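Everything in the sequence shown is counted per numbering that gives the first Met the number 0, starting at 0 for the first residue and increasing by one.
Mixed in with the good hints, there may be bad ones.
Stated by the list, open to error - Beta-carbon label-pair distances, calculated as ranges:
(1) S15 - A149: 35 to 45 Å
(2) T19 - G117: 19 to 29 Å
(3) E13 - D143: 17 to 27 Å
(4) A90 - G17: 36 to 46 Å
(5) T54 - S15: 31 to 41 Å
(6) D42 - F14: 28 to 38 Å
As the list claims (entries may be wrong) - No farther apart than 20 Å at their CA atoms in a straight line, the calculated lysine to aspartate or glutamate pairs in the EDC-like style are these:
(7) K10 - E27
(8) K10 - D20
(9) K10 - E60
(10) K10 - D48
Hint data in this document are derived by calculation from the structure and do not stem from the laboratory.
Every value quoted in this text rests on a predicted model; they were computed, and no experiment measured them.
Just so you know, even glycine gets a beta-carbon here, dropped at the ideal spot from N, CA and C.
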Amino acid sequence: MARLHLLRHAKAAEFSPGRTDHQRPLTERGHAQAAALGEYLRDSGIRIDQVLCSTATRTRETLAGLGLGAPVEFSDAVYQASPDELLAEIAAMPPGSLLVIGHAPGIPGLAHQLAGPGSDPTALEAIDGRYPTATLATLDTDADWAGLDAARLTGVRIG
Numbered sequence: 000m001a002r003l004h005l006l007r008h009a010k011a012a013e014f015s016p017g018r019t020d021h022q023r024p025l026t027e028r029g030h031a032q033a034a035a036l037g038e039y040l041r042d043s044g045i046r047i048d049q050v051l052c053s054t055a056t057r058t059r060e061t062l063a064g065l066g067l068g069a070p071v072e073f074s075d076a077v078y079q080a081s082p083d084e085l086l087a088e089i090a091a092m093p094p095g096s097l098l099v100i101g102h103a104p105g106i107p108g109l110a111h112q113l114a115g116p117g118s119d120p121t122a123l124e125a126i127d128g129r130y131p132t133a134t135l136a137t138l139d140t141d142a143d144w145a146g147l148d149a150a151r152l153t154g155v156r157i158g
C-alpha cells in the first residue's frame, strides 16, 4: 500500500507591489499553521518517506515549518499545476509515503479526483467545496505512483 498526503501551503501574505505570486511568504498565522501541522504529524506517528514541494516561497516556508527530516524534491512544475500535471510529477517519485506540498486549485482538485470507492465519508465531506490553507488530505492506494488513478481518502486535517 502506498500513502499520499496532499497539502495546500499554509496561509500566505496577500499580493503586494514588487513581489511576484511565486515570492509571497507565509503570514504569522501561516507559520503557526505549519508548526501545528508538523506537531500533528509527529504526534500521530505519520511517516513521510519523501516530499515533493513547489518552489514557491510559501510552500518552502510551509515545509520548513513542518520540521520533517524526509528527503525533498523541489519542482517548478508543482507551482500552478493542474491535477493531471501533479499526477505526472507524482508518477516519477520513488515508492513509499509521499507528501506533496502545493497550491490551489491543483492540490484540492487532485484530492477530489483521486478520492474513489472506499473513501471515508467524513473526510469527503470535510473537503466538499473547500480546501483551506494548511489542509492535509491523506489517500491510500494499492497502485504504484505511475499507475495512480484512484485512491481511498482516509483522512483530512483542516489547517
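Checked hints:
no.: 1; hint: S15 - A149: 35 to 45 Å; verdict: holds, 40 Å
no.: 2; hint: T19 - G117: 19 to 29 Å; verdict: violated, 41 Å
no.: 3; hint: E13 - D143: 17 to 27 Å; verdict: violated, 40 Å
no.: 4; hint: A90 - G17: 36 to 46 Å; verdict: holds, 37 Å
no.: 5; hint: T54 - S15: 31 to 41 Å; verdict: violated, 20 Å
no.: 6; hint: D42 - F14: 28 to 38 Å; verdict: holds, 35 Å
no.: 7; hint: K10 - E27; verdict: holds, 8 Å
no.: 8; hint: K10 - D20; verdict: holds, 13 Å
no.: 9; hint: K10 - E60; verdict: holds, 10 Å
no.: 10; hint: K10 - D48; verdict: violated, 25 Å
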